[in-house]
Amino acid sequence: MSFGKARSVNRNLRTLRHWIACGLALSGVGLACAQMPVPLLDTAAAPATVQQLEALLQCKAGTVLTTDEVESKLRAIGLIKGADGFLMPSQKGPLPSLFGDEVVAALVTAADGENRATVYLKRLAGKQLAKRLGVSQIDEQADTNEPSYFKQTSKKTTLLVGAASEVFVGIDGVRYQSAVACQQVR
Numbered sequence: 055m056s057f058g059k060a061r062s063v064n065r066n067l068r069t070l071r072h073w074i075a076c077g078l079a080l081s082g083v084g085l086a087c088a089q090m091p092v093p094l095l096d097t098a099a100a101p102a103t104v105q106q107l108e109a110l111l112q113c114k115a116g117t118v119l120t121t122d123e124v125e126s127k128l129r130a131i132g133l134i135k136g137a138d139g140f141l142m143p144s145q146k147g148p149l150p151s152l153f154g155d156e157v158v159a160a161l162v163t164a165a166d167g168e169n170r171a172t173v174y175l176k177r178l179a180g181k182q183l184a185k186r187l188g189v190s191q192i193d194e195q196a197d198t199n200e201p202s203y204f205k206q207t208s209k210k211t212t213l214l215v216g217a218a219s220e221v222f223v224g225i226d227g228v229r230y231q232s233a234v235a236c237q238q239v240r
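In the numbering used here, the protein residues as written are 55 to 240.
Careful, some of the hints might be misleading.
Stated by the list, open to error - Taking CB as the label site, the calculated pair distances span: (1) Asp138 x Gly116: 18 to 26 Å; (2) Lys135 x Glu108: 19 to 27 Å; (3) Phe222 x Leu149: 20 to 28 Å; (4) Arg177 x Asp197: 19 to 27 Å; (5) Glu194 x Pro101: 32 to 40 Å; (6) Arg229 x Gly154: 16 to 24 Å; (7) Glu194 x Asp166: 16 to 24 Å; (8) Thr198 x Gly224: 17 to 25 Å; (9) Thr120 x Asn199: 32 to 40 Å.
Note that these hints are calculated values from the structure, not bench results. Here a beta-carbon is modelled for each residue, glycine too, at the ideal position from N, C-alpha and C.
Given these sequences and hints, build the entire structure.
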């Protein structure tokens, strides 16, 4: 192909691309990119909420568990109220995660003189989670196939780490690999 023909072909291709772009812009397809929503101001709050929840669940001395506050934070990371008081991941949106694992369910209770927040995780084994949280004392009273762990963090607070099992939400069973709970005596 001669230089003149190549320049003519390039000019024709540029013209064709220009007309296609104009046609897409007129039909609204090209404008969709320009109209992407501005990131919400709340996006920075999600990592902060995750950190706050993880700190609450680690049940350190001085932790004050209020059921409303914990439920609010769990909803902020993408859990919604389900059957039997459990909070479950929403069918829409990103999957909530804590401690680097997907949350499959959570339960916040206030009964029998104690407040308790429990989160059930999908893949992280109980032994791994216990090690990560610095919990080494085995709970001999736990009725589980694999060891469950606990750590008395203060006179009123206890950190519990459970092994794989299944929790029933309504009539459905939700399988999990580990659970972490903060229990506070009132």
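Hints, one by one, checked against the model:
no.: 1; hint: Asp138 x Gly116: 18 to 26 Å; verdict: violated (31 Å)
no.: 2; hint: Lys135 x Glu108: 19 to 27 Å; verdict: holds (21 Å)
no.: 3; hint: Phe222 x Leu149: 20 to 28 Å; verdict: holds (21 Å)
no.: 4; hint: Arg177 x Asp197: 19 to 27 Å; verdict: holds (23 Å)
no.: 5; hint: Glu194 x Pro101: 32 to 40 Å; verdict: holds (37 Å)
no.: 6; hint: Arg229 x Gly154: 16 to 24 Å; verdict: holds (19 Å)
no.: 7; hint: Glu194 x Asp166: 16 to 24 Å; verdict: holds (21 Å)
no.: 8; hint: Thr198 x Gly224: 17 to 25 Å; verdict: holds (23 Å)
no.: 9; hint: Thr120 x Asn199: 32 to 40 Å; verdict: holds (34 Å)
Comparing the model with each earlier hint shows a violation of hint 1 alone; every other hint is respected.
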